[in-house]
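Student: Line by line, the protein sequences are chains S and E. Note that my numbering gives residue 272 to position 272 of the first sequence, counting from 1, and the numbers run on in steps of one. Position in the second sequence (first residue = 1) + 1000 = my numbering.
Hints should not be assumed to be uniformly reliable.
[Claimed, not checked] List of simulated lysine-lysine pairs, DSS-like, C-alpha gap at most 27 angstroms:
| no. | chain 1 | residue 1 | chain 2 | residue 2 |
| --- | --- | --- | --- | --- |
| 1 | E | 1236 | S | 210 |
| 2 | S | 286 | E | 1098 |
| 3 | S | 412 | E | 1236 |
| 4 | E | 1010 | E | 1236 |
[Unchecked claim] Between beta-carbon pairs, the in silico distance windows are:
| no. | chain 1 | residue 1 | chain 2 | residue 2 | range |
| --- | --- | --- | --- | --- | --- |
| 5 | E | 1281 | S | 91 | 24 to 34 angstroms |
| 6 | S | 389 | E | 1140 | 25 to 35 angstroms |
| 7 | E | 1059 | S | 359 | 28 to 38 angstroms |
| 8 | S | 163 | E | 1086 | 36 to 46 angstroms |
| 9 | E | 1130 | S | 98 | 51 to 61 angstroms |
| 10 | S | 409 | E | 1179 | 19 to 29 angstroms |
| 11 | S | 326 | E | 1060 | 49 to 59 angstroms |
| 12 | E | 1149 | S | 102 | 48 to 58 angstroms |
| 13 | E | 1180 | S | 188 | 26 to 36 angstroms |
| 14 | S | 290 | E | 1290 | 31 to 41 angstroms |
| 15 | E | 1208 | S | 98 | 55 to 65 angstroms |
| 16 | E | 1144 | S | 114 | 47 to 57 angstroms |
| 17 | S | 389 | E | 1059 | 17 to 27 angstroms |
For the record, the hints were derived by calculation from the structure and aren't laboratory data. Ideal placement from N, C-alpha and C gives every residue a C-beta, glycine not left out.
Now for the letters of each chain:
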Amino acid sequence: MTTRLDRRQFILFASLLLLIVLVFAGMGSAYAVRMLVEASCFAVIALGLTIQWGYAGLFNAGVMGFIALGGYMAVLFSYPVNAAFWNSQGPAALLGVAGRLLLGIVSIVLLRQVHRIGVGRHWRNVLLTLAVIATYLTFLTAINPAADLIEGQAGFIGGLGLPVGLGWLMGGLAAAAVGYWIGRICLGLRSDYLAIATLGIAEIIKAFLKNADWLTHGTLTVSPLPWPVPTPGEIGFVGARSAFLALMVVLIAVIYMLLQRAYQSPWGRIIRAIRDNETAAAAMGKDVNRRRLQIFVLGSLLMGIGGAALVSFSRIFDPSGFIPLHHTFLLWVMVILGGAGNNLGTLFGAVLVYIIWVMSEPATLLVFDFIRETGSQWFDWVAPADLDSRALQMRVFIIGLTITLVLRFAPKGVIPEEVVRH
Amino acid sequence: MNELVFFANKVVISGFAIGSVYAMGAIGVTLVFAILRFAHFAHGDLMTVGAFFAYALTVLFPTAGASLGLPTGFVMLPLAMAMTALFAMALDRLFYRKLRANGVKPVVMVMASIGVALMLQGLVRLFAGTASRSFFIAEHKEIFRIALPIEGITRKLVITEPQILLVVFSVLVVTVLHFFLTRSRFGKAMRAMSDNADLARVSGINTQTVVMMTWVISGALAAAAGVLLSLDVSLKPDMSFNLLLPIFAAAIVGGVGSPFGAIAGAYMVGFAETLAVFNWSVLLRPLAGWLPAWIEIPVKLAFVPTEYKLTVPFFILVVVLIWRPTGMFRGKVL
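Generate the whole structure from the sequences, applying the supplied hints.
Tutor: Given below as structure tokens:
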């Protein structure tokens, strides 16, 4: 039994290797290495998603938001210092805004305790609401002039010029913080609510990154981002990208080993017990929501790190470049096709799906070119002028179709989760 | 007083219009949620598909509306609703039924519905491109500018024909739906199944028919919402994504499984959105004379900048999930 499974895996991975070799042969090594680095960044994110979905059955429909946030943190920490900002009145203005915000938060915290001095709970809530509204409005009226000032004098606040690795770590932590907050609200409820909430938070994060020009340079984009390894300008495309790839492979290997250990540990067993039968796990005295929160935060952490790596690698931070199809649903396909809950399967799915995704663009255009040719030759059909951009929309359709078909016919993916029996 | 008319134009009328759209969407979502027990993420795209059915009919018969004195898109609405209802049933047959029969977890159904949503998006864009279109091909959009018979008011109340149709139509639909759900046998069967599917089955209710009925109603309503919204604004292939969050927020605020809660929630979300992005300085400016001198009225004073409009339904959703997950009208917590 085991040997047959192993042979199956061997064949799968051998074909994947063959595919990679074909890409190398067909598209040149600079292109192929770039594709592999991107695939490895997606693999880190997919590992985050597979522990959320595969280990614990948590539905995260807003992976894009975590990626974007991680990416921005990489910018904030690793982009070179913007001297124009630090020499302008910008920092002072921001400090003023922060001071007001802090004052508001302190007063809210104090007002929460006001029932201790004999104010009724009802009045406390009224006071609290008023304080929250007042803080919010003060913040809102204070931030706009500060933002205009910064945008006028320095463009945006720039980065902190710290090592890239720190930026990645902070990206992971920021994503984890958002995951914690959203998880606290939604994890006690059914998974559908989590899906809706994450979908919303992702769009909000994107809207914020796109519109807060003073902080993120918005649609004007930030580039070039620094790399943790020598950049192509120093040692050429293939060399630099290979170094980046090596770094990602090491990162994935570390994460993979840690996750494998976690999966087989008692903690992993609890998580799976909760996923498979929540009621039974709760009856055994397991704290269901706490475990779920742990796993959701852990998954978000990995998504943040992966997102930071992805943005660093692309060397440009463009908030409008984050699209749900590419940064959420493509990852879903990777995870469910590869095998949710199986780390190896997820890695396999990530690389395979990413190669197919990248190659599908020229392939689709080729197919539609053929359709246009035959259509005009045989049926006098005049193709619409924007056929190419429409053709690329077919990829949306294919992603959707793959999701539904995999769920229907191969719900366990190509490398299914191996249930460990003790 | 002109400022109040401005307020009415910007908040009251648009709030009613967008609230009606959300209401028709949210009823469908809440029914699917209650009877099939999953959040149907493809609902926004069902709206788009419905709107495109109506658009295709409008292109085929661009002058059909003129004889009745109504916009052609509106005249084609019943047909588009019927087509979308059939379409929704076909979707269920093709994608959801087998999963249901396999007894998968509800969250897998949610994921399948996202897959369906992507497929619909891809199809719509393949056939229609990504540009936005106007329903008014052979006619033009009627805009009523009503001068109020009060002295000192120069600003006019602006209301468009699609907005009137939208509000009237949604009131009509809601009334019909109310009688359908409370009086007819199908309606009772639907409510029974939403309360307890197994019990409904053993008491001899044909659950398959109820499921189909649910798709018919929610598909038809989604088409109506999509057509009326795109009559009012314009037909965009990517409108579904921005509609999804407000609609889910409305359904959850109202309490899942309660159509009337969904309507209340929808108007609440709609008005919250228009109130939040309204520039309150306009109303405060006439009061400047009475306010103490140290208060300076900013040029723009909106609770939420327009770019962040999506945070409003999200905020409402989060507040409800924290304090009252059952919603205002004691729906289910699934």
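Student: Now, for every hint given, state plainly whether the structure supports it.
Tutor: Verification of the hints:
Proximity of residue 1236(E) to residue 210(S) is assessed by CA-CA distance (about 21 angstroms); at most 27 angstroms being required, the pair is judged to hold. Pair hint residue 286(S) plus residue 1098(E) does not hold up; C-alpha atoms about 34 angstroms apart against a cutoff of 27 angstroms. A C-alpha spacing of about 37 angstroms is found between residue 412(S) and residue 1236(E), which places the hinted pair above 27 angstroms, so the restraint is violated. Note on residue 1010(E) and residue 1236(E): the hinted pairing holds, with a Cα-Cα distance of about 22 angstroms set against a maximum of 27 angstroms.
For residue 1281(E) and residue 91(S), the Cβ-Cβ distance of about 29 angstroms falls inside the hinted range of 24 to 34 angstroms, so the restraint holds. Hint check: residue 389(S) to residue 1140(E), Cβ distance near 29 angstroms, so the stated range 25 to 35 angstroms holds. Separation of residue 1059(E) from residue 359(S) is about 36 angstroms and conforms to the stated range, judged on CB atoms against 28 to 38 angstroms. Remark: the range hint 36 to 46 angstroms for residue 163(S) to residue 1086(E) is contradicted by a beta-carbon distance near 59 angstroms.
A C-beta distance of roughly 41 angstroms is found between residue 1130(E) and residue 98(S), which places it outside the suggested range of 51 to 61 angstroms. Roughly 43 angstroms separates the CB atoms of residue 409(S) and residue 1179(E), a value that falls outside the hinted 19 to 29 angstroms. For the pair residue 326(S) and residue 1060(E), the beta carbons lie near 36 angstroms from each other, so the given range of 49 to 59 angstroms is not met. Look at residue 1149(E) against residue 102(S): about 53 angstroms separates their beta carbons, and that is inside 48 to 58 angstroms.
Between residue 1180(E) and residue 188(S) the C-beta distance comes to about 35 angstroms, which sits within the given range of 26 to 36 angstroms. Between residue 290(S) and residue 1290(E) the beta carbons are some 55 angstroms apart, a value that contradicts the proposed interval 31 to 41 angstroms. Between residue 1208(E) and residue 98(S) the Cβ separation comes to about 60 angstroms, which falls inside the hinted range of 55 to 65 angstroms. The given range of 47 to 57 angstroms is respected by residue 1144(E) and residue 114(S), whose C-beta atoms sit roughly 52 angstroms from each other.
The hinted window of 17 to 27 angstroms between residue 389(S) and residue 1059(E) holds, with their beta carbons roughly 21 angstroms apart.
Taken one by one, the earlier hints fail for this structure at numbers 2, 3, 8, 9, 10, 11, 14, listed in ascending order.
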